[in-house]
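Chains as they are written, first to last, in the numbering used here: chain A, 59 to 162; chain B, 17 to 198.
To be clear, the hints were calculated from the coordinates, so they are not data collected in a lab.
Facing chain A, a subset of chain B residues (Cβ under 8 Å, in silico):
1. ILE29
2. VAL36
3. VAL59
4. PHE60
5. LEU71
6. SER114
7. PHE121
8. PHE128
9. GLN130
10. VAL171
Chain B regions said to be covered by chain A (calculated; three or more residues, Cβ under 8 Å):
11. 80-89
12. 107-113
13. 154-167
Using N, Cα and C, we set each Cβ at its ideal position, and we do this for glycine too.
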Amino acid sequence: MIPVSHVFLLAGVIFSIGMLGLFIRRNLLVIFMSIELMFNAANIAFVGAGNMQANLAVVSDGFASVPFVMAVAAAEAAVGLALVVAMYRATGDTDVELLRRMKG
Amino acid sequence: MNILLFYPLSALIIILSLGVILATNPVHSALLLVGAMVAIAGVFLCLNCEFLAMLQIFIYAGAIMVLFLFIVTTIDTRKDEKFVSSAKFSQASGILLSGSMFFLFFFLALQFVQHLPDTGRWLGDAKGLGELFLKSYSLPFEVVTLVLLTAMAGVIVMSHDPLYRRRSKEASKQILSGGNKA
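Here chain B stands alone, though its shape is the one from the complex (with noise of 0.2 Å):
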């Protein structure tokens, strides 16, 4: 049965994810991007995770996803046929780089001939994970909610407009006197 599953879903996520870096319009690079984390939540469930992809798809397809596709509707984002970077030194180090990350993993790979226990329960279950979390990971687990909370307060510093403020009021003064007049 899992066996049945991972590889399809392997070939669906490698092709959705080759779709994310060549689709000329982010949108679609976004939702190809949300197939992506679905079909990854997939591969989780096939490897006994069960609580992990849940996880997957309520923060990923859930959570960042929407926030990706909040942005892109909020920017211009038109439709550009000259996507790939100009720069050929980029180009370059990226097929050289990409490539050569690639032979390291397949070399890991190769190192790691073992098969999966089959184990034929789920060993990522909640309650596995909550006991480790509430023992052995106590303080990572508390070291990312301060982690989080940073990066909430720079995103509010950095995306405070000083204008913003000017400017809504004035919007909100022409519709007042708009609705005046009508």
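Isolated chain A (complex conformation) (with noise of 0.2 Å):
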């Protein structure tokens, strides 16, 4: 008998250690590798509010909405790492400090 709240806590730190991931690192590829894990968060809280809201006859909502992700998050490490990939052409490193052009 897992408790929901403790299942919320676990997505959240998770999520937390992404966000923290995504702004302090300078490597774009650790950049996306911190988003997934920001999705995976997300899919856990799914999974939870999925189990709270199941009864024995249904498959509730909350366990669809995890494939969707699923499907996005691939969608989106596919173009992400074509940027890595477009980004190391153009400038031969990942470092995301290198791109200061937009600086206003």
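Given two chains presented individually in distinct reference frames, assemble the corresponding complex, making use of the accompanying hints.
Structure representation (structure tokens):
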């Protein structure tokens, strides 16, 4: 009997770690990995909430949201890695601090 | 049984994801992330979702992380000492935002102190999810195929290198002439 609050707490910790990585890292690849961590935190929260809603007769909507999140994560990973490759071709590195041309 | 596995797996996931953002080498980050994905699949099993656990391993650990590792191996990822952003604004906003996110989730968790139903059977099995996808979620299911198609077309356009064809032709010419000489 796992409490729902503990599942949400786990999701919150993983989401916070992902967001911290998104802001403090310089390597574009690790930034994309942090985004994947945040997607996974959302999935864990969906599954916990779906379990709370589920009963014996019907599979709940919370479970159905998870494959959609996975599909969007796959599309995001493909587009993001194409951007990484494009940046590597242009600059020869994946350090986001090289991208300073948009500074206003 | 579920509760015996859930808490060790949670601790493992937290340690592995801290390793992902603190490792200096991107290859180590990717491998730690694969471990975290597998542990998250274990959490899904504890929460009665066998099909989602399988999808997690197939799609995340199998497909997305292999894609990441392909890219990590094709580009030059030297280990850098200054891996943390030098911008003070970025550091401060990251710590502030992730801390506030954590407390948001913490108070959200305090709102839901119910216990999960211990039904003793798989709730998220393939049969139930398949019925859900073909009945009430059939339109989003079709739309998500369009999302994937659009992403694929976008990636092909973005990573298209107009010089590639010429360079590969020159390279094959060199290889062929070298082969003739030998």
